[in-house]
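All chains should be built: construct the whole structure from the sequences, respecting the hints.
There are 4 protein chains.
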Amino acid sequence: MVLSTVGALGATLLPAVAAQPRPAAHKGKAEALSGLVSLDDFERAARERMATMAYEFVASGAGDEITIRWNREDYNKLKLRPRVLVDVEVLDTSLELFGQKSDFPILLAPTALQRLTHPEGEVETARGAGVANATFVVSSLSTRRMADIARATTTPLWFQLYGLNKERHGFVRDVVQEVKASGCRALCVTVDAPVLGARNRQARAGFRIPDVFETPYYPERVGAKTAAGLPILGGFTWKDVAWLRSVTNLPILLKGILNPEDAELAIRAGVDGIIVSNHGGRCLDTLPATISALPAVAEKVAGRVPVLVDGGIRRGTDVLKALALGAKAVLIGRPYIYGLAAGGATGVSRVVEILRDEFKMAMALTGRRTLAEIDRSVIG
Amino acid sequence: MVLSTVGALGATLLPAVAAQPRPAAHKGKAEALSGLVSLDDFERAARERMATMAYEFVASGAGDEITIRWNREDYNKLKLRPRVLVDVEVLDTSLELFGQKSDFPILLAPTALQRLTHPEGEVETARGAGVANATFVVSSLSTRRMADIARATTTPLWFQLYGLNKERHGFVRDVVQEVKASGCRALCVTVDAPVLGARNRQARAGFRIPDVFETPYYPERVGAKTAAGLPILGGFTWKDVAWLRSVTNLPILLKGILNPEDAELAIRAGVDGIIVSNHGGRCLDTLPATISALPAVAEKVAGRVPVLVDGGIRRGTDVLKALALGAKAVLIGRPYIYGLAAGGATGVSRVVEILRDEFKMAMALTGRRTLAEIDRSVIG
Amino acid sequence: MVLSTVGALGATLLPAVAAQPRPAAHKGKAEALSGLVSLDDFERAARERMATMAYEFVASGAGDEITIRWNREDYNKLKLRPRVLVDVEVLDTSLELFGQKSDFPILLAPTALQRLTHPEGEVETARGAGVANATFVVSSLSTRRMADIARATTTPLWFQLYGLNKERHGFVRDVVQEVKASGCRALCVTVDAPVLGARNRQARAGFRIPDVFETPYYPERVGAKTAAGLPILGGFTWKDVAWLRSVTNLPILLKGILNPEDAELAIRAGVDGIIVSNHGGRCLDTLPATISALPAVAEKVAGRVPVLVDGGIRRGTDVLKALALGAKAVLIGRPYIYGLAAGGATGVSRVVEILRDEFKMAMALTGRRTLAEIDRSVIG
Amino acid sequence: MVLSTVGALGATLLPAVAAQPRPAAHKGKAEALSGLVSLDDFERAARERMATMAYEFVASGAGDEITIRWNREDYNKLKLRPRVLVDVEVLDTSLELFGQKSDFPILLAPTALQRLTHPEGEVETARGAGVANATFVVSSLSTRRMADIARATTTPLWFQLYGLNKERHGFVRDVVQEVKASGCRALCVTVDAPVLGARNRQARAGFRIPDVFETPYYPERVGAKTAAGLPILGGFTWKDVAWLRSVTNLPILLKGILNPEDAELAIRAGVDGIIVSNHGGRCLDTLPATISALPAVAEKVAGRVPVLVDGGIRRGTDVLKALALGAKAVLIGRPYIYGLAAGGATGVSRVVEILRDEFKMAMALTGRRTLAEIDRSVIG
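Going down the list, the sequences are from chains W, S, C and X.
Reading the first sequence from the start, the letters are residues 9 to 388 in my numbering.
Reading the second sequence from the start, the letters are residues 9 to 388 in my numbering.
Reading the third sequence from the start, the letters are residues 9 to 388 in my numbering.
Reading the fourth sequence from the start, the letters are residues 9 to 388 in my numbering.
Everything labelled a hint here was simulated from the structure, so no lab data went into it.
Heads up, the beta-carbon is just placed ideally off N, CA and C, and yes, glycines get one too.
One thing to keep in mind: the hints can contain errors.
[As the list claims (entries may be wrong)] Lysine to aspartate or glutamate pairs mimicking EDC-like chemistry, simulated, CA-CA at most 20 Å apart: (1) 247/S to 97/C; (2) 308/C to 280/C; (3) 233/W to 280/S; (4) 233/C to 73/X; (5) 87/S to 361/W; (6) 85/W to 81/X; (7) 247/X to 97/W; (8) 87/W to 73/X; (9) 85/S to 73/W; (10) 85/S to 383/W; (11) 233/X to 97/W; (12) 188/W to 248/W; (13) 85/S to 365/W; (14) 87/X to 383/C; (15) 308/C to 365/C; (16) 87/W to 361/X; (17) 109/W to 280/W; (18) 85/C to 383/C; (19) 233/W to 365/S; (20) 233/C to 361/X; (21) 188/W to 100/W; (22) 233/S to 95/C; (23) 247/C to 95/X; (24) 308/S to 280/S; (25) 233/X to 100/W; (26) 308/W to 383/W; (27) 87/X to 73/C.
[Said to hold, decoys possible] Okay, the calculated bits of chain W under chain S, using three or more residues with CB under 8 Å as the criterion: (28) 122 to 128; (29) 201 to 213.
[To be verified] Across the chosen pairs, the derived CB separations fall in these ranges: (30) 250/C to 81/X: 40 to 46 Å; (31) 257/X to 277/C: 53 to 59 Å; (32) 111/C to 385/S: 51 to 57 Å; (33) 311/C to 98/X: 34 to 40 Å.
What follows is the structure, given as structure tokens:
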């Protein structure tokens with residue numbers, strides 16, 4: 009599949025992906041990362057190491073990237089209301105989702121084409137996820153097979169699904185069977201990206217999927233279009249959700265819900281969870297920040313299924329705020345890709361560990377000792 | 009007509025308009041434009057190709073250009089509320105205005121003196137409008153005759169009218185007859201510009217209409233002033249609207265309404281449509297953004313006549329928002345002029361096509377399949 | 009009087025005031041000013057021509073200059089609500105204040121030490137005020153005598169009063185008699201500056217009044233301090249107002265009222281007018297913008313006496329907004345000083361004329377033909 | 009104690025602290041400071057003179073330093089509502105706290121490790137505090153003994169307490185006895201810092217406490233961690249407060265209260281005062297600005313104990329606003345450290361005097377003559 013028209017610029021840049029030297033970072037050693045103390049530090053380090061086209065693919069969003077900005081700003085506007093003089097010697101950050109236990113409420117979101125960032129792609133990410141003990145959601149646009157990814161890690165794996173355009177049910181059923189056989193323990197169905205949006209920065213960088221990459225769960229290489237002439241990314245409809253529900257007993261989460269009315273429909277369709285997401289600001293600009301859309305969705309869901317959220321999380325205080333406003337857990341995307349670029353598996357695990365430790369600090373400094381104590385009263 | 013006093017600087021710059029080389033762009037070939045993927049890209053490309061005075065004339069606004077900024081900002085502040093899992097394979101963007109069918113709700117607004125931007129002026133714009141199948145509203149300050157413009161295109165043409173100072177009724181009647189004979193299908197009467205505003209950037213650039221330009225529908229070349237000593241641009245009064253209504257059966261739209269009370273008067277005066285406009289921020293600074301003025305006007309009009317809106321539209325999401333807040337269609341001005349500068353007719357059509365495609369993406373990604381489905385619920 | 013401690017830097021800078029070349033500008037010819045089309049243009053031009061210490065004295069404010077910023081921003085936030093299709097051929101901007109007729113509602117505010125800006129000081133300003141036909145309020149910190157100022161102009165003169173520390177009643181009575189004899193037609197009593205504020209930029213520039221300057225209406229040269237140790241600028245109390253009321257029949261305005269309760273007291277004290285002012289942001293930082301303080305004061309006064317306003321007016325739309333929110337007229341300070349620096353008397357008159365013409369444009373483009381038609385409905 | 013992991017960079021920087029030349033500033037002469045007229049001037053001067061690691065330690069905050077920004081911004085958003093024509097010749101800024109009389113409501117907040125800033129550390133600060141007659145709150149992380157500090161000054165001393173991790177009651181009791189014997193007249197118990205926060209700038213600068221420093225009231229040098237794995241700074245619990253109350257009759261203030269519910273608990277625990285503080289933005293980012301948290305705390309406390317506030321105070325108007333919103337007095341931290349860096353004891357006293365004089369100006373220019381007259385009506 010070609011994600012955008014490739015001009016001369018794109019053709020020139022492509023070899024750079026393969027030729028790109030990644031010296032220190034890919035030794036996977038902790039020393040090279042010792043000066044990186046926040047998630048934003050990893051972005052700066054990654055930017056220096058990534059090929060321009062790869063960085064542009066990862067960092068960019070739709071349109072004028074207003075939603076990307078809001079995803080951060082809206083977290084930064086929320087004020088915390090601490091309790092003091094609480095004994096915070098012991099903190100419990102563990103949770104259970106669909107019968108799976110996690111040490112902390114941070115997952116790795118599905119992100120596409122990780123071989124752009126690291127020669128080992130999703131396999132290397134899985135190694136880092138294993139070290140950090142974080143659930144890793146593999147993307148439909150994975151450049152590695154689930155079996156290889158699963159072999160590299162002990163961490164739980166989930167899988168993200170796009171509904172492709174043609175013969176989708178048969179293909180999707182095969183994919184679901186394969187990933188389940190490889191240990192996948194939940195499915196995230198992306199619902200916010202039937203078509204590609206205005207990915208201007210990608211187009212300017214001449215982005216296209218390098219020919220040498222396999223995308224076994226996203227086989228179409230032609231720039232298919234809808235009847236309306238729009239480039240397909242991968243849409244489902246409510247009917248397809250019902251069908252998917254009927255062919256698998258894996259937990260199904262819908263990823264990309266912002267509207268409480270869609271959350272209600274999702275529950276009626278029998279899904280097991282909801283991910284409040286705006287696709288990292290990559291599909292439609294001026295969608296609201298996810299942290300601002302979360303409260304109304306969580307209120308509508310009212311605990312019937314777990315609600316997760318992604319988008320813009322860079323600080324432990326963001327995790328705290330997301331949980332305070334109704335999320336059971338959060339997913340991070342770009343940050344761990346920057347970890348992958350800066351230090352391979354070690355970079356991935358460091359990113360998760362920094363965020364986890366900041367989250368614990370935020371709990372301690374607001375006087376909350378368990379996830380259950382993180383409620384609306386945390387927000388001032 | 010002299011739009012402002014010309015100092016030494018202006019005289020120096022004028023020859024540059026004729027001498028200005030416009031190499032690649034004016035071959036009218038698509039390749040030169042292939043890197044331009046958003047409307048803002050066209051502005052950047054145009055700025056490099058345009059004579060300073062021409063660019064300043066097009067880009068500038070009144071006073072401190074606060075209204076120009078608001079025209080953009082107020083769109084950017086509006087958040088979208090999407091619906092997901094809708095089947096958006098097929099989208100219908102067609103509409104009908106005054107019995108005229110359009111494929112999509114985007115028109116080319118009247119803009120003055122297009123020979124400043126391209127040697128062929130309005131004729132070249134009409135060619136591009138024809139390719140894109142967009143209605144083109146020709147300005148009273150056109151540098152080409154309607155007959156020539158009409159010959160260059162199959163697209164519907166409308167005409168914009170200023171009420172000139174002297175002998176206006178006779179002259180206006182002649183103009184209306186001529187443009188109607190050339191195929192004009194609607195009249196836009198500009199109501200927000202009886203006098204010129206504080207066009208500081210134009211004055212600093214020494215702007216005046218080059219002597220070699222004909223302006224057949226705006227013959228006065230002298231800087232006429234009102235009794236109050238203000239430079240006339242071209243005012244009407246409610247009486248003149250009534251008179252115009254009596255002498256033509258063409259649809260009449262009033263362009264420049266921001267106040268709902270004026271919208272009510274317009275309907276009582278028997279006009280066929282209203283264009284919410286602040287003249288692109290060119291006349292009076294700190295007028296509100298049009299997208300913020302639109303809802304109250306649309307509510308007052310309550311569907312009795314179609315309401316259109318211009319000003320600040322640069323993204324498909326802006327079109328979606330304008331329709332959601334009550335507009336039947338939108339007009340773009342500066343963006344297609346930048347297309348004209350960057351690539352002649354091809355540039356004009358590309359600008360329209362990019363905006364149209366972004367609009368379709370915005371429909372698909374908010375789950376709206378027809379214009380009728382674009383209502384207030386789109387805004388979050 | 010020393011307005012602030014003078015360090016080594018100040019001593020170095022002082023000769024620059026005298027030595028400063030003011031070539032083109034002080035020929036008083038219009039050509040040198042032809043490129044200056046807005047009040048901000050005059051500030052830029054003046055800054056280049058003024059000695060640093062003089063510019064710092066004029067431009068600077070108290071503290072972090074937040075009030076200076078608000079004085080502008082709060083105008084820029086107000087949106088206009090126009091009426092269209094009104095016949096604006098004829099506009100009437102005339103008014104009457106205390107029996108004095110003016111062509112337009114713009115006065116020249118009292119500003120100190122004009123010889124810093126022009127060798128002729130207040131006399132040159134008076135010439136420009138005469139050309140523009142604007143009332144000029146001479147400051148207590150004038151460097152010229154009222155008789156000399158009056159001889160240079162036909163424009164009405166007012167006088168601003170500080171209450172000095174010692175023997176104030178006798179001295180003030182003498183000053184009032186002298187200025188009245190020279191044609192002064194109203195007194196503005198400054199009430200917001202009993203002491204100097206934190207004039208950091210002045211202090212950093214080593215500002216002090218040059219020894220060669222006479223300040224006949226502000227004779228103290230020693231840095232007198234209050235019992236609380238604060239540098240005196242010149243305070244009155246309500247008792248002093250009562251006394252002044254008893255010794256002159258000139259109209260008395262209190263300048264520096266922001267609190268409606270003080271406006272009420274002022275009326276009870278028998279004053280003839282109120283000037284809403286924050287001393288141009290020069291005395292106390294984070295006082296509110298005058299345009300934001302105006303409505304509550306005007307509402308409390310309820311037409312019993314005229315309310316004027318100064319601070320931050322740079323555009324004709326600002327004048328319109330001030331009148332819409334309850335002011336009978338406005339005063340400008342720094343802008344005409346920049347005119348004085350850039351072009352002597354001609355610069356002063358050009359500044360007034362630009363603002364007056366912009367005000368007329370703003371009336372025409374909002375459809376208001378007289379000052380009486382400028383009411384709250386102008387603000388959107 | 010190591011406050012953060014020291015990498016190679018830190019080791020390199022450490023010698024710079026000792027070697028750092030502090031020529032003019034540490035002569036303690038007033039001339040070197042004559043150009044510094046505001047507290048921000050002292051920061052600029054200090055930054056030039058301080059070792060990078062020391063400056064980073066002092067200036068930095070937690071996370072993205074949003075709280076540090078809010079601490080300033082929220083003061084700057086508050087508008088003053090002045091009264092005019094009041095006789096402000098005499099002002100009374102005196103107050104009494106816990107039976108101790110002060111000339112003005114400004115104290116020196118506890119700040120750590122002052123030998124980083126000046127060779128004499130807290131002893132030099134105490135000299136400056138004595139000159140300015142300001143109460144000085146010595147930190148648990150003092151690098152000098154209370155006896156030495158007390159000998160250097162006549163100013164009242166308070167002491168700040170951290171609850172350390174092991175054997176805390178015995179050690180704390182000893183500390184309390186020692187500081188009381190040295191003249192300490194009140195205890196401030198820090199309640200908002202059980203663990204260190206995300207001090208990224210400190211970590212990037214490789215900060216650690218130089219080995220040559222003694223910290224007699226904070227003996228642990230090992231980076232102790234909580235059971236949850238977080239670096240301990242020094243937590244108390246409500247039980248510890250009750251114990252402390254039982255072993256000393258010194259006034260106890262809790263420092264770090266932002267939540268009115270904690271203020272209520274504090275009063276029930278028998279404390280004598282509350283300091284609204286967010287630890288200068290150093291512990292948890294996106295805690296609210298203290299001036300914005302103050303009103304609700306003051307309202308809950310309702311005068312039962314005095315409420316103080318620190319954080320972001322840089323101007324006399326800030327002191328006025330804090331008192332208007334319910335504080336009895338304010339504390340400044342970084343500003344006097346910058347004074348210490350720029351000019352030793354003289355710098356400390358100058359910083360206090362500038363702020364005190366600005367506070368008096370603010371009183372005079374709002375027409376308030378005593379602290380009692382500074383109430384909510386000062387805020388517009």
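Against the structure, the hints:
For the hint pairing residue 247/S with residue 97/C, the CA-to-CA distance comes to about 14 Å; that is within 20 Å, so the pair holds. At roughly 15 Å between alpha-carbon atoms, residue 308/C and residue 280/C fall within 20 Å of each other, so this suggested pair holds. Note on residue 233/W and residue 280/S: the hinted pairing is violated, with a Cα-Cα distance of about 39 Å set against a maximum of 20 Å. Among the hinted pairs, residue 233/C with residue 73/X is inconsistent with the structure: their alpha-carbon atoms are about 41 Å apart, more than 20 Å.
Note on residue 87/S and residue 361/W: the hinted pairing is violated, with a Cα-Cα distance of about 34 Å set against a maximum of 20 Å. Of the pairs offered as hints, the one joining residue 85/W and residue 81/X holds, with about 13 Å between alpha carbons and a cut-off of 20 Å not exceeded. Note on residue 247/X and residue 97/W: the hinted pairing holds, with a Cα-Cα distance of about 14 Å set against a maximum of 20 Å. A distance of roughly 13 Å separates the Cα atoms of residue 87/W and residue 73/X; the hinted pair therefore holds under the 20 Å criterion.
The suggested pairing of residue 85/S with residue 73/W holds, with an alpha-carbon distance near 13 Å, which does not exceed 20 Å. Pair hint residue 85/S plus residue 383/W does not hold up; C-alpha atoms about 29 Å apart against a cutoff of 20 Å. Between residue 233/X and residue 97/W the CA atoms are separated by roughly 9 Å; this keeps the pair inside 20 Å, and the hint holds. For the given pair, residue 188/W sits about 19 Å from residue 248/W by alpha-carbon distance, which is consistent with the 20 Å threshold.
Under the criterion of a C-alpha separation no larger than 20 Å, the hint pairing residue 85/S with residue 365/W is inconsistent with the structure, at around 34 Å. Taking the CA atoms of residue 87/X and residue 383/C, the gap is near 26 Å; set against the 20 Å cutoff, the hint is violated. Simply put, residue 308/C and residue 365/C have alpha-carbon atoms about 31 Å apart, too far for the 20 Å limit, and the pair is violated. Straight-line distance between C-alpha atoms of residue 87/W and residue 361/X comes to about 34 Å, which puts the hinted pair past the 20 Å bound.
As the CA atoms of residue 109/W and residue 280/W are separated by approximately 16 Å, the hinted pair is consistent with the 20 Å bound. A C-alpha spacing of about 18 Å is found between residue 85/C and residue 383/C, which places the hinted pair at or below 20 Å, so the restraint holds. Our distance criterion of 20 Å between C-alpha atoms is met by residue 233/W and residue 365/S, whose separation comes to about 12 Å. Distance hint between residue 233/C and residue 361/X is fulfilled; the C-alpha atoms sit about 16 Å from each other, no more than 20 Å.
A C-alpha spacing of about 31 Å is found between residue 188/W and residue 100/W, which places the hinted pair above 20 Å, so the restraint is violated. Note on residue 233/S and residue 95/C: the hinted pairing holds, with a Cα-Cα distance of about 14 Å set against a maximum of 20 Å. For the proposed pair residue 247/C and residue 95/X, the alpha carbon gap of about 10 Å is at most 20 Å, so the pair holds. Proposed proximity of residue 308/S and residue 280/S is supported: the alpha carbons are some 15 Å apart, at most 20 Å.
About 16 Å separates the Cα atoms of residue 233/X and residue 100/W, which keeps this hinted pair within 20 Å; it holds. This hinted pair checks out: residue 308/W and residue 383/W have alpha carbons roughly 16 Å apart, not beyond 20 Å. Between residue 87/X and residue 73/C the CA atoms are separated by roughly 13 Å; this keeps the pair inside 20 Å, and the hint holds. A count of 0 residues in the stretch 122 to 128 of chain W with a Cβ less than 8 Å from any Cβ of chain S is obtained; the coverage claim is therefore unmet, three being the minimum.
With 9 residues having a Cβ less than 8 Å from any Cβ of chain S, the stretch 201 to 213 of chain W passes the three-residue criterion, so the hint holds. Separated by about 42 Å at the C-beta atoms, residue 250/C and residue 81/X satisfy the suggested range of 40 to 46 Å. Remark: the range hint 53 to 59 Å for residue 257/X to residue 277/C is upheld by a beta-carbon distance near 55 Å. In this structure the hint that residue 111/C and residue 385/S lie 51 to 57 Å apart at CB holds, the actual value being about 54 Å.
Taking the beta carbon of each, residue 311/C and residue 98/X are about 38 Å apart, inside 34 to 40 Å as hinted.
Hint violations for this structure: numbers 3, 4, 5, 10, 13, 14, 15, 16, 21, 28, all remaining hints satisfied.
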